[in-house]
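Since the structure of chain A is already known, use the hints to place chain B on it.
Now for the letters of each chain:
2 protein chains.
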Amino acid sequence: MEEIEHLKTRLADVVHLNHAAAVLGWDQQVNMPPGGAPARAEQLATLSRLAHEKFTAEETGRLVEAAAAQVDGLDYDSDAAALVRVVKHDYELATRVPAALVAELARLTSQAHEVWAKARAEADFAAFVPMLERILDLKRQEAEALGYQERMYDALLDQYEPNMKTADVERLFDELRVELVPFVAQVFANLDAVDDSPVHKKYDIARQAEFGLKVIERIGYDMARGRQDKSVHPFTTEFSIGDVRITTRYIEDWMPSALFGSIHEAGHAMYEQGSNPAFEGTFLAGGTSLGVHESQSRLWENVIGRSRAFWGVFYGDLQKLFPEQLGDVSLEAFYKAINAVTRSLIRVEADEVTYNLHIMLRFELEKDLLEGRLPVRDLRDAWNAKMEAYLGITPPDDGRHGVLQDVHWSSGLIGYFPTYSLGNFLSVQYWNKALQDVPSIPDDIARGEFGSLLGWLRENIHRHGRKYWPAELTERVTGEPIQVGPFLRYLKEKYTDIYGL
Amino acid sequence: MEEIEHLKTRLADVVHLNHAAAVLGWDQQVNMPPGGAPARAEQLATLSRLAHEKFTAEETGRLVEAAAAQVDGLDYDSDAAALVRVVKHDYELATRVPAALVAELARLTSQAHEVWAKARAEADFAAFVPMLERILDLKRQEAEALGYQERMYDALLDQYEPNMKTADVERLFDELRVELVPFVAQVFANLDAVDDSPVHKKYDIARQAEFGLKVIERIGYDMARGRQDKSVHPFTTEFSIGDVRITTRYIEDWMPSALFGSIHEAGHAMYEQGSNPAFEGTFLAGGTSLGVHESQSRLWENVIGRSRAFWGVFYGDLQKLFPEQLGDVSLEAFYKAINAVTRSLIRVEADEVTYNLHIMLRFELEKDLLEGRLPVRDLRDAWNAKMEAYLGITPPDDGRHGVLQDVHWSSGLIGYFPTYSLGNFLSVQYWNKALQDVPSIPDDIARGEFGSLLGWLRENIHRHGRKYWPAELTERVTGEPIQVGPFLRYLKEKYTDIYGL
Chain A
1 MEEIEHLKTR LADVVHLNHA AAVLGWDQQV NMPPGGAPAR AEQLATLSRL AHEKFTAEET
61 GRLVEAAAAQ VDGLDYDSDA AALVRVVKHD YELATRVPAA LVAELARLTS QAHEVWAKAR
121 AEADFAAFVP MLERILDLKR QEAEALGYQE RMYDALLDQY EPNMKTADVE RLFDELRVEL
181 VPFVAQVFAN LDAVDDSPVH KKYDIARQAE FGLKVIERIG YDMARGRQDK SVHPFTTEFS
241 IGDVRITTRY IEDWMPSALF GSIHEAGHAM YEQGSNPAFE GTFLAGGTSL GVHESQSRLW
301 ENVIGRSRAF WGVFYGDLQK LFPEQLGDVS LEAFYKAINA VTRSLIRVEA DEVTYNLHIM
361 LRFELEKDLL EGRLPVRDLR DAWNAKMEAY LGITPPDDGR HGVLQDVHWS SGLIGYFPTY
421 SLGNFLSVQY WNKALQDVPS IPDDIARGEF GSLLGWLREN IHRHGRKYWP AELTERVTGE
481 PIQVGPFLRY LKEKYTDIYG L
Chain B
1001 MEEIEHLKTR LADVVHLNHA AAVLGWDQQV NMPPGGAPAR AEQLATLSRL AHEKFTAEET
1061 GRLVEAAAAQ VDGLDYDSDA AALVRVVKHD YELATRVPAA LVAELARLTS QAHEVWAKAR
1121 AEADFAAFVP MLERILDLKR QEAEALGYQE RMYDALLDQY EPNMKTADVE RLFDELRVEL
1181 VPFVAQVFAN LDAVDDSPVH KKYDIARQAE FGLKVIERIG YDMARGRQDK SVHPFTTEFS
1241 IGDVRITTRY IEDWMPSALF GSIHEAGHAM YEQGSNPAFE GTFLAGGTSL GVHESQSRLW
1301 ENVIGRSRAF WGVFYGDLQK LFPEQLGDVS LEAFYKAINA VTRSLIRVEA DEVTYNLHIM
1361 LRFELEKDLL EGRLPVRDLR DAWNAKMEAY LGITPPDDGR HGVLQDVHWS SGLIGYFPTY
1421 SLGNFLSVQY WNKALQDVPS IPDDIARGEF GSLLGWLREN IHRHGRKYWP AELTERVTGE
1481 PIQVGPFLRY LKEKYTDIYG L
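Chains as they are written, first to last, in the working numbering: chain A, 1 to 501; chain B, 1001 to 1501.
These aren't lab readings, by the way, just hints derived from the structure by calculation.
Treat each hint with caution, since some may be false.
Which residues of chain B face chain A? A partial, calculated answer using Cβ under 10 Å [stated by the list, open to error]: (1) H1019; (2) E1210; (3) L1213; (4) G1226; (5) R1227; (6) K1230; (7) V1232; (8) F1239; (9) A1278.
Glycine included, every Cβ here is placed at the ideal spot set by N, Cα and C.
Bound-form chain A, shown alone:
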């Protein structure tokens, strides 16, 4: 397999450059003194450019072709065939977009970030309009360069969720909308049934950190191959299978933010830590798509982390750590408080019930923007109309409560939002299948043993890395394509109980 080895050697440079850039990016958000910013931007630009040059060089193309010829006839499931498949896919995408367009997008979005941050702070939608128009124009050029068969949005979506089509997402959201919108209205009519004041008391941040760390270690985040730090925006980043780090943000008077944020990031991190060690330094390490990645974080955060069984294990410890805040709060009251639904205006603060409506709204708007059915100047009104239709509320401002709240569009991330919901749908499908395969999981979790669930995830999902495309993986794991039904049933059952509907 000489050709494969040549290809691997060449691509190891690309992987190392990208991982070096990831270290610099992590450091920038976790440690860097302010004076380091200008040079760091230059360093990151150089690393990205060198990685891109190395990867898109004709020599890489020749090695890919030679390796492809060599794996021809090999079993689809072999690592060698999978590696060539993945590299060929990435190479084609990377070489289709002209370097000049990549550079222009990088420049524009860096500029746009400043404009967006100011516009958001001042809740001044009009100030952001010309910027978003220019971004959409470049993203349309990018989509044309990438190519698509039916929908321009397909080309962008494919970058985050390979092979997923716009029409597939529309079908899933259509099914979600028809059941979820009336259910949300029903919950909203009964909001008084849950008191979330216990989680809004003051919780000492050092103790929050201590407890959160204990929880994520207990569920299986391997600290010998990871670490947790503080940052303004929580994220997971990997420098190798043996070094996958998470960050958390602490809010004194809203304890669930850090706690469930940590469990969420640990879910992402455990996926990365679970790649087959033989994939280290190759394109096969890591998650196969953003949707599958989000399924892991949401499974641990919500399906497990916000369950009664989970808190049956941990609540005593939490009460001991915060006797003043929780001494007289029952387990049941705490369980309800951490699952409280609110008339949420802000996506990142939204509960499990309303969260996907926020995503659906963004998906509908961004594809209309991209495909030219919605002029940017009408975006704010369209946003507010959908907020009213789906959630029955109108944002009080266009800034952090409204159309400017998310960073994504200013960063050129179009086609990214739906993967959050795909992850939510998949989390329940995978969970159901795990229960079917390993019926002891609920009892294990009730005893504080998370190994049987993590073992199932490792075996069925994590170890494969990028070996299978997301739809293939879901078929292999569950025998079915992605579906919204299981998620809806899970949600309705859980919240009908909590809200006594």
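Just chain B now, kept in the frame of chain A:
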């Protein structure tokens, strides 16, 4: 100046790759979980190789030649001429050593490090002999490749102290030896005159850290362009002029270790922070040699940090922080304790008086080893004989108290040791000149104002970065070449007083 700009652009990639490697190296020692080690070694090897390839490519040589033609006739002091001078020097050195030899040295020293660490732990000199023989063999090949006129050692010394010759160092050490050896004997005969027990009490590490940080900020280490972390071996590293970081190691029952270690590293860091901002991203940023670098760290650590005037400023605060340990220790007793001389066996723990004897010994041995006058198998005996001759003591073991104590030789660092002493000599020369230029400095320091000294260092040394070779810089600053006399006078005066000789 188009050619210069082309050269700068190409070299910016090299600088960015090297700085990225520095970030990865810092992270490895400060943050990295153990699982990250294997991949990190690969990443660092890739970054170094890409930087080396880019720098030594023929295209760089062509750009250097074109730029050299362009600056021909420009003033020697112009930044453009200096840049070409420095790059040409580095390019020639980098292209002289064959890539195969560089790789072999990297492989061997990585192996040697393990062998050395084990031999040191087991105080087993014989186990390290074959390794050191192979290293010396490769270093001789390296010296031949680099080229030299008189002495093989010149070629290696030049890498750390450009243009300095072995004969120059020998002359300095000859002068030092004749005066220092008898003086040390004199101090040793009076060791009872100083009680160092106050600094060997237990000092809470968090408070040590708090106080140390206050001190280094006060003397001028800019925390908006730096930060301090913990690591096993203290070091300074720079990712840009705007991001220069230090690390410190804390020992509970030997407080001076962290305190003076922090001031020492801050001295290095202030030199890096003081480069002309116009040099950012070019080969002109940073220190001009290890010797000049060490002059800055030792000036702050010893000449300033271990002076009566300095503790007149800080001692009250330190006593308040550690009332139990220092409440009944007078300023004078504390001043003596932090300057206590010991029959030191270990270089890194040595006091100001004996330190340079340790360096002289290593310099004499390593040039004899390299130039073939001392067989490796006889090194231990030669070491012990010199310890007896210079310090009047024989090491009780060959491990951490003896010939295997330092990491340098196992890392292939031959020619590096003398720069520690050059730094000590220069620190006093620069200090004397600063006092002559700005007579208010002692009064300023007594009032806790360090700006006049730092300003003088910035103006005369720091801002120039690598613009002048070390000997040129010293001539420019002091009007003289490097000398050992001022250092000897400073030492004798200080310690005659402390020990009441």
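Against the structure, the hints come out as follows:
no.	hint	result
1	H1019	holds, 6 Å
2	E1210	violated, 17 Å
3	L1213	violated, 13 Å
4	G1226	holds, 6 Å
5	R1227	holds, 5 Å
6	K1230	violated, 13 Å
7	V1232	violated, 17 Å
8	F1239	holds, 6 Å
9	A1278	violated, 13 Å
Consistency note: the structure conflicts with the earlier hints numbered 2, 3, 6, 7 and 9.
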